[in-house]
Every structure is written in structure tokens, then in C-alpha cells.
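In order, the protein sequences belong to chains A and B. The first sequence: position 37 = 37 (this note's numbering), numbered continuously. Add 1000 to a position in the second sequence, counting from 1, and you land on the number used in this note's numbering.
Hint data in this document are derived by calculation from the structure and do not stem from the laboratory. Mixed in with the good hints there might be a few duds.
Distance windows between CB atoms, simulated [said to hold, decoys possible]:
| # | chain 1 | residue 1 | chain 2 | residue 2 | range |
| --- | --- | --- | --- | --- | --- |
| 1 | A | Glu-124 | B | Ala-1118 | 25 to 33 Å |
| 2 | A | Arg-105 | B | Lys-1070 | 22 to 30 Å |
| 3 | B | Ala-1102 | A | Gly-63 | 35 to 43 Å |
| 4 | A | Leu-34 | B | Phe-1035 | 32 to 40 Å |
| 5 | B | Ser-1107 | A | Gly-73 | 51 to 59 Å |
Not everything, but these chain A residues come out facing chain B in the computed CB check (under 7 Å) [stated by the list, open to error]:
| # | residue |
| --- | --- |
| 6 | Phe-7 |
| 7 | Ile-28 |
| 8 | Ala-135 |
| 9 | Asn-138 |
Built from N, CA and C at the ideal position, the CB exists for glycine as well.
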Amino acid sequence: MGFLHLFIVNKSGGLILHRPLGQSAPRIGTNEWLRIGSTFHSLHAIAAEASPVKLPGNKNSAGADDGIEEIRGGGLILKCLQTRTGVKFVITAEPGTSDLDAVLREIYVLYSDCALKDPFYELEMPIRCELFTNAIDNLIEKVESGGFKTR
Amino acid sequence: MSRMATSNILDRPLGRSSGRGGSSSEGSVVSLSAFAYVYSELVQYHQGRAASISELERRLESAGYGVGLKVLELVAYRAKETKRETRLMSILHFVSSSVWKALFGKSADSLERSIDHADEFMIVDYEPITSTFVSVPPDLGQLSADAYVSGIIAGVLDGAGFSARVTAHSVNVEEGEYTKPQGGNVVTGLPARKDKAVFLVKFSQEVLARDAALER
């Protein structure tokens, strides 16, 4: 299991969270992260236009905007979960890592629990909820030790 | 006169029972998420109107106070107790078991007496539902989102004739102090909490004097 990074982009393209998920994750500076976040946001939208198959209203079956779902490279898999509200959860991992979709969905659940129910979290702002980051670390640990079962 | 509602209103379960498939003996069930969202809005509402951390806590406490007064009446009635509590220890036991069970479905995790002060008691809850999803930012320091519950406790005690000042504190849980089931919260799937809620109850002097007089 080689998880690299997790980043979350809000509906206007701003980065609200970036987190390394393992030791093999390369160090990326904050400005670089902001650039990655907004670049991915734009590419995600453009991909729907460039796609040979156009969905009605550009919305996929889950009601979320159509766009990049997966990028496979020589040394990287990138997976994106786009929600109905426009929030994008993006995870990168080394090739051969399994369960990325399940992990992304679980992170979405954790987001809705720890960030959205927190009275001190402002929507679309950078996430500073300790509970959320602890829960993510806990989740990755559980997946790496093989103790994770999908709900 | 209608013959339909012959059951006493105080015996009916709180909230609307779904009614469709037959009687619900426990009353209707509300999801933790629904409660968490409503409570989150309550906290945000008060935070917008409070000028300081202590004012926010006071607002939350007064929001819970009314609940406490009503809960005292309801729980005491349902417990079918013929005598009201007059002793300090019995009202504290009433709060930490009957009231907690009625509100949260389990009794409080412990009830302790302070060693340094004779008028202080502590009710401990390892997983209070008012702060299950709350992460207090560092600039709000000592704020406890469980101030609402301390307001409820204060309401119950005041209504029963034991005036007290109740405050909520978040205290770190020591290693091995509490064996959490499966290393985490079973309901929410979140990792185990690092802090517990301690409700410090400080009774006023006349209550202690009265209790000491009853001792004799």
C-alpha cells in the first residue's frame, strides 16, 4: 500500500486541505499545492468538454459534475471523487494500491462528519479540524494494516 | 369528549412516534447526525452574538437550563418516585444515572467528589454527544462545546432545590483509563477521543449547610 497525498479542492477551485499520507510522499511546498489545486480544478472541468462522450448537463450518474476521475501514470495513480456540492477529493498513490475508491468514499464520510458538523468550520475555508486530520491518519493506518472493511 | 387520547401525555414518548407500523416502545429515534447539525447551528448562532469565550459558554449554558428544568420534571415523574430527593448524594446519583439515561441512553461514566474542595463534585462522560464532531480551534482555547449539557445539569439541580454552578471542562484521558470498545467509537467510526468531558458541580453554601443539618 503506497498512499502518497490527499488534497481537497472546494467548489471555486481553492485548495482546502493537503496532507501527505505516507513516508514515500514527496515534499511539496504550500504555494506549489495551491497551484496544483487550481490547475486540477480547471483540468477537471475542461476534460468534460474535451470528452468524446458528453453526458446530459455534464452531470454524471451520481449528480456530480463530469470530469477527470482517474489519471494513471508510470509511477502514480490519481483518483478523484467529485461530489454534488462541487468539492473534489483527490488521492494519489503508488501503482498497485487497491481500494482507492473505497478510501475516497470513506474520506468523504469523514469530511461530512468531522468538518461539516463542526460549528467552528466555515464552509469552503481551509480545513483546520483536528478531528478530521486525526481520523484520516487513523483510516490510512487501518487500510495499510489490512483491517479496513468497506461499509 | 374524545375517547382517543386516554393515555396520559406524560407517559407518551417524546417526539413523534412513526405511528405507521405499530407502537414504538422507546419513542422515536433521532439520528446522531441530525442532532449534530442542529447543535452545530445553535453554537454558531450564539458565537455570532457573543463577544468572548465566556459569554459564548454562558449563552450555551442558559440554552440548556430550560431543558434541565423540564427534564427534571419528566424523568422524576416517569421514575414514579413518590418522594423528591432532598439529600445531595441522592440528587447527584439521580442526575448521573436517571437523567443521563433519559438524555443520552447510558448513565454517566463516573461521579466523583473533589478532594480539595468539599463543595465540588465531578460528573465524567467519556463520549459526550455534544462534542463528538467538534474540533475547537486553538484560538478559542478553553472553550468546551459541552457547556449546553452543563446548563442542563444546572437546570436539574436548581429545579430540585440544590442551586449550583456547573461548568464543563475537557480533560485529557490518561492511558488505560478507559478501555474503549474496539479502539474507537463504534457508532461514528471515528478514532477514540483524547479527551473526556468533566462537569464540575459547585454547590452553593446554603445547600451544603442544609445537607449537613440533615445529616444529624
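Results of checking the hints against the structure:
1. A/Glu-124 - B/Ala-1118: 25 to 33 Å: The hinted range 25 to 33 Å is violated for A/Glu-124 and B/Ala-1118, with Cβ atoms some 51 Å apart.
2. A/Arg-105 - B/Lys-1070: 22 to 30 Å: For B/Lys-1070 against A/Arg-105, whose Cβ atoms are near 41 Å apart, the range 22 to 30 Å is violated.
3. B/Ala-1102 - A/Gly-63: 35 to 43 Å: 40 Å, holds
4. A/Leu-34 - B/Phe-1035: 32 to 40 Å: Once the Cβ atoms are compared, 36 Å apart, the range 32 to 40 Å for B/Phe-1035 and A/Leu-34 holds.
5. B/Ser-1107 - A/Gly-73: 51 to 59 Å: Holds, since B/Ser-1107 and A/Gly-73 (Cβ atoms, about 55 Å apart) stay within the stated range.
6. Phe-7: 19 Å, violated
7. Ile-28: For A/Ile-28, the interface hint is violated, since the closest Cβ of chain B sits about 25 Å away, which is over 7 Å.
8. Ala-135: 5 Å, holds
9. Asn-138: Nearest chain B Cβ about 4 Å off; hint holds.
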